[in-house]
Each structure stands twice: as C-alpha cells, then as structure tokens.
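K.L.:
The lines below spell out each chain.
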Amino acid sequence: MIHRFEVDGVPALHAPRPGRTAAGLVFRVGRADETLARTGITHLVEHLALHRSGVQVHRFNGATGQLHTHFLLEGDDHEIRAFLRCVCESLTALPMDRLETEKTILRTEEAGRGTGAAEATGLWRYGAQGHGLVSYPEWGVPGLDPQTVQHWADTWFTRENAALWIAGERIPDDLRLPLRPGRRMPAPQPTSALPVTPAYFAAGQRQVLFETLLPRTAAADLYTACLDRELFQDLRQDGGLSYTAGADHADRGDGILTVTALADALPEQQDAVLGGFVDVLARLAVAGVDPDTLDALRRRADAAHAAPDADPARLPGCAADLLLDLPLRTPDEIRAELAAVTAEDVRTVAQQALGNGLLRVPAGRRADWAGYAEAPLHSADAVEGSRHRSHESGGPDLVVGRAGVSLLREGEAATVRYDACAAYLAWPDGGRRLIGTDGICIEIEPGCFAVDAHTLASIDASVPHPAYVRMPPRPIPSRPTPARPSRSTRSSTSGPAGAAGTAVRSSPVQLAVNMVLTLVAGLFLLFALGGALGADDESRADPVYWGVLVVAAGIAAALLRSVWRRSRPRRG
Amino acid sequence: MSTEPLFDPAAALPEAGTVRNAAERGDWPAVCAVFAECREEYGLLLLSGQVAGVPGAEHLLRQALGHRPGDPLATALLADRLIHVGWQARTTRRAQDVTPEGWREFRARLNEAEQLLIAAVARDRGDALAWMLRMTISRGISLGISETRRRYRALARVSPHHYAGQRSLLQQLLPKWGGSWEEAHAFARDSFRAAPPGSLNGALLAMYHAERAASFERAERNAYAARADVRHELAEAAHGSVLHPDCRIRFGRLTAHSSFALLASLGGDRAAARTHFQAMGPYGSTEPWEWFDNTPERTFREHRDRALGG
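Going down the list, the sequences are from chains E and H. Each number in the numbering used here comes from the position in the first sequence (counting from 1) with 872 added on. Each number in the numbering used here comes from the position in the second sequence (counting from 1) with 3 added on.
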C-alpha cells in the first residue's frame, strides 16, 4: 500500500519495504522546461545541489529527466534526514564557488554519454524546443552565470513544485524540507516539428528505429509488448535479418508513453530489415494480435505488478505523477485494467501508434512507398533581404533580412527567423550557427560568403539576446566548412553539420565497458535465477529472500539496459 | 506448318479473354468467377495481368473495394492495375531517358499499389498474389535486392515452388537489376531441381539462358546457345518440365516452349526447336523474342518456319 503524508507542505508518499530506507525528492522541472540557449541549466543545478552531500559518505544520486529532477538516497533515518535537509538548503543557496568545476564535470559527463532513441528522434518530432532539447548538447552550460543559475533554482526547485517519497519500514522522524516557496509548474505544451505523421527521416546506417506517442494505458503497455515480440519473431527468429529487434517504452512524464522500436542490420540486409519492420507495424495495426499471444504477454505484465516490491518500485513514478495531478492508481486497479484489455483494444492502439509514428530509416533510403511522409528538411519559405553568393561553387546563397536569415539553393530554402530562433551559437573565430525552434539549422562560416562585415554584424545585433550563446574556442577546421542547412545538432566540434546523424560504431573502449557490464549483469542474473530455482521451503516463505532476488534481477536488467543504450549508435 | 501463329494469349487460354471482357464490361462477379475457377498459381498472375491491362479497370476495382473493403482479389487486381498505369507513365525507355513527370507518376502509382498490398499481407500472410506483386514493386522502385528476396521468402513460405515469384526474383538477380549472372544461374538451377517433375520451373533455366544470350552481341549469341553445356542443361530442363509426361500445366506453357525453342533455334539444334514449336501448336509467343529485336512476331515466325520446314 502506498500512503500519503506531508512534510513542510510538500506532498509525500510512503510504501513499506524491508531493509534500508530509500528516499527521493522530486521536482517538476527537467530538460523540456529549458530553452536551447540555456540547455543544461537544470542538470547544473542538480549537480550543485548535491555537492555538499558528496562530502559525506552517502549512497546518493541525482537525475535530470525530461520533466522531473530527482534526488535519491539510500541510508538510515539519520542519513536521510541529513541528506534531504542538505539538498534543500543547497537549493536555496547553491554553492557558486563550485560553479566552474561542476561545468567541467558536466562536459565530461556529456562526452561519455551515449545517445538513445529519444536523442535520435527528439529534434525531428519536437524541434529545438521542449522535449526536442534532449537531442542537443548542453550548450547553455558554459555561459551560465551564478545569478541565472540561482534564479532558475528559485523558480523551479520550490516547495510547491516538489514531492517526496520514502520506501522503508517506517517514515524517519523529524524530516524537514526547508525549500523556498514558489508555485506548481504545469508541464510544457508538447511542440511538433512534424506537419504530417506517420513521418520518416533518413540517418545513420545499419538500423531502423521507430518512435511513437501513446496515452499511458494498459493497452499501450501490451501493444509495446506485442511489437517487441513480433519484431523479434519476424526479423530475428524467422528472417535471420537482425540481431537486436524489439520495442520498449518510456514514460514522457505527462501521462504519455514514448514507444521506441529498433532493429539492427548488416549493411547488405538493411533494405530487408526496413521492409520487415514496416510489415510488422502494419500487421499489428491491420490484423492485430492473436488472443493467445496477447494472453501470454498479459500474464508477464501482470506478474510484474504482482511482485512483492511493486509498490516501492512505483514510488518515484507516483511522486512524479503527483506533481502533474495525474491519478495515483493501486496495483489492483492497474491489474484490473490489464485484465480487461482485448485484442481489439491492442489493434486500436496499434493504429494510433502507426498514425503518430516517426520512422528513422538508414541513410539513402526512403519510406514514402510505405505511406510515411518525409519529415521536413527545408523551410516553407525564405526571408526577404540582401542576397550574398557563396564562395563555394554550387554553394547556397545567403539571404540576410530584417526578419531572419535564409540559405537558398535550387529553390529550396532553410530559414531561421529571429522571432523563432532557439539558439545562436557564436564562436570567437567568427563562426555562427542559427537554430530555429523547428530544428532547421544554418551555419555561417567565416569567409564562405561574399558578404561584408557590417551585414554579418547585423545578424549578431538582430538575434534576440536570450538566444545568444557565446561558444568556447573550437579547433580550427582543416578547410573552411561551407554553410549548409541541416537538422543536425552535435556538430560543434566533430565536423560539418551534414555529417551529424551518421552512426558511429562503438569504440574498443566502449566495447570493453559493455563486455564488463554484460558479465556483471550475468552474475547478478545467475544469482537471482539460482536463488529462485534453488530456494528451500523456509526461504520460499521469506519476503526478504524474494526481495533480495528481485533486486538482483533488477540490477541485472538495469545493467543490460545500459549496455543496450550504450551500444546504440550516436550522432557524429 | 504454314498457318499464321496466334499471338493473343486468349487464343490458347479462353479464360484470359473471358476475364478481360468481364473487366471491360465492369462485371465484377464474372471477373471473380474466372479467378475462382483457376487452379494454377501462374494462371492467377496471367489473369491479373489481363485485368490490369484494361483501361479504366481501376474504377471497377475501387467500386468492388467500396462494397467489400479489404477484399483480397480486388486489392491485388487494383494494385496490379496501378503498377500497370505507373509503368505506362514511366514508359519502357532507359532510366536516364524517363522524364521527371514520368518518374513522379511511376513512383506515385507504385507507392499506392504497395500500400494496398502492405495491408493485404498484413491481413493475410498467405496472400501469394499480393506477395508476388510486391516483388514487382520492390524491383520497380528499387527497394533493394535483400527486400525483394525477403518478399520472395514470404511467398515461398506459402507456395514453395511459385514459378511467377521465381521468375520475378530471377529478374532481380540479373546484373541489370543489381545482381550477377552467377547468382541468377544458381537460383534458376536450384529452383528447377527442387520443383516436382513436370512443373514449369525448368523454364527458369530457359529464361536465364535467353537473358544471357540477349546480353551478347548478335554474332556471339548463336555460339553461346550452341555451347554443349548450355544445350545439355536446357535439354534436361525441358524434359523435366514442359516435355515431362506428367506436365499438365496450361498457363505459362507456351512461353516456356517459346523460350526453349528460341534457344534451340539459335544454337542450331533443329530437332529440339521443332519439338518445342510443334508443342506450341497453332500459337505463338513474343516472349522472349522481344528481348532480341523489335519485331518479335516476325522473328518467331521465321524461326518456326525454319524449324518446321523441310
């Protein structure tokens, strides 16, 4: 049973759990609340708030998500009291002496982070705003000053915008959450960069990726399980075309599930994998799933809700839901909903999933033949203004107008209007990049256009100040990169924008890390399986015994998931 | 034999004419009846081709789908008609000579057909005609060899020796569609050997050798067709298929004999050529003669007269 209480005006949840107590403080703020020019500010606050706790010997962590930021700790009552108090006090007065150091740590963290499905599809679905910001580097971090950072914390990390959860035998006495007062923040309205769905874009190699949005229901849960099974069956078991083929979902945080499906392919099999993938998506939407398969998947889903630690495991999600006024449901309610799902319900969800879908096909392929519209690579129109020829033969013309900037080539335009400019990156060497809220990107490299310094300076002056991002010096490219429109992101130091979006295989170091993680996961899994199969009667009756096994299995699953995430391609 | 050969498929196969007439009249029940009677897989494709060639047939087929959404036969026939219309817009010109509008129309029609067929196989994975047409589309809009192969495998799961599907994959495996002579040859040979005696599949070897011969200059064609290994393989294929005593095939039989006859005639094997031309009776076929020159009917007649004369 989850029960509700309150600490210093902050709503709180408790679920009983044997062993050490775990606690989490959740705020309704995440990357989707930022702007492109300030990306990383929430993450920076999270790091700064945890700094003082790090001096003590705690098992703690912080996580900045799309809509929520979590501070987590496992420990005894005293440690939990101290941690929560320390985090809250830090948030009201962040240790700004650590600002530059934490910025460096964030850069290091970013360099080591792989990109998953959300990063690959975010900017295509949402543009360079809201939930799409997950596709972009934390460009805002280097330029953040102490006032801006503290202001962000004061606005978002407040009493009214927080929730607490405790998993343990009891609620520790005398908990305090000395936060500033503020107000509850609603979730940002999701944006869209896709005029038509289902849509597709081409990027990377050796992989087909599908992403879609569904309301969080038991039918959506079962649809994901069906998609996972059918992809594996068709592409791996029957077709022998893929090694990895499956689907999973993640909670976007506002009652919507982001379902992602993925299949890998050898270069010579990419076309067949794409074809097979399209057929599986269509089959579920047209013919649905057979009732026996559905029942088997339903039993598996139900077992997860019936597990002894189901309540404590749900706490972080429930606390996050509380902040968005989403209903808290009991496991019995969830299981009843699951039991009521029919094959026809799943088919209806599959149609919705296909209708909302965004498909990433390998570079050089299309999916218009299967009824997916091409996601926009260009702008609908260009700005009016002075036109400047490219120094590169066949290069696009640059148009600088009062309303914005366009690149024009062969009747196609890439336009970033100043009033829809998400970020304007300015390098000390004169390089400039404009990124529109729709994700369209224009690069202006020094010396690439027959344009005078005055006109270029006029762009600097016209861009809205909040979008301006002063970039640190970058390595000089061997030859000047021509200006080009694109919908790329991570090209600031890694080559021309056009190269972004290409898949990069795992480096030897990554491979080694993945192998070690897989091994460790295997040990945990063995431990859990051995324990489950070899339990004597006394152990069978002991909930702690099962608790330990479930935790071991959970760790194994988390490690394997991390390996999976790491082994997915990242943007160039 | 001095009579003029009859080239209209409907002459030898009355169903072809019946179904074409029914489509022209807009008589959907009559169209369905002809398909319901047909017991040969290759026949279904030939009959579908007859309907697809009727101008305006798409209206009848859309109407049929309006009454029975998702009807497998109406779906497949409409897709085939759209493929036909798309190919008319593309014309048979070489790829580089097709106009941009031609390409646009071609892609649009084939995409529409493909989406109908995606739904058809989603409803029924055993819809052989739909898989067969999806192979044609895969080749037409260049979805890649691996995708055409995947579609063939799906078809072969339903019907392991599907002659039309094998003809389509054989085309994809030729160098002109991105494959190689070796792959194509191996596929034709393997398909023939795996099929039951007396089935049409041996004619795949005739198709392969005819394509190979057509790839040579005129002077080398005859030498190729006269090669002992080629003659031997073709004789074996003919006796294992259309010349086999168990062969009861009607649809595709004429084209098969026609291919064997052409190769025998080119290779100077008059006896073999006579056997095949005689087996064709009063009928002619422009395949594969049209791969060699622009006057296939005249060439057919000349070769036939030479083989049967004197």
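Treat the hints with caution; some may be incorrect.
Computed spacing ranges between beta-carbons, pair by pair [what the hints assert, rightly or not]: (1) E/1283 <-> H/301: 40 to 50 Å; (2) H/301 <-> E/1236: 39 to 49 Å; (3) E/1115 <-> H/301: 10 to 20 Å; (4) E/1253 <-> H/24: 17 to 27 Å; (5) H/301 <-> E/1281: 30 to 40 Å; (6) E/1250 <-> H/301: 52 to 62 Å; (7) H/103 <-> E/1250: 48 to 58 Å.
Some chain E residues flagged as far from chain H (calculated, every beta-carbon gap over 12 Å) [unchecked claim]: (8) 954; (9) 1014; (10) 1032; (11) 1050; (12) 1144; (13) 1171; (14) 1205; (15) 1209; (16) 1263.
In short, the hints are calculated from the structure, not lab data. Built from N, CA and C at the ideal position, the CB exists for glycine as well.
K.L.:
To test your reading of the hints: which numbers does this structure violate?
P.N.:
3, 4, 5, 7, 12
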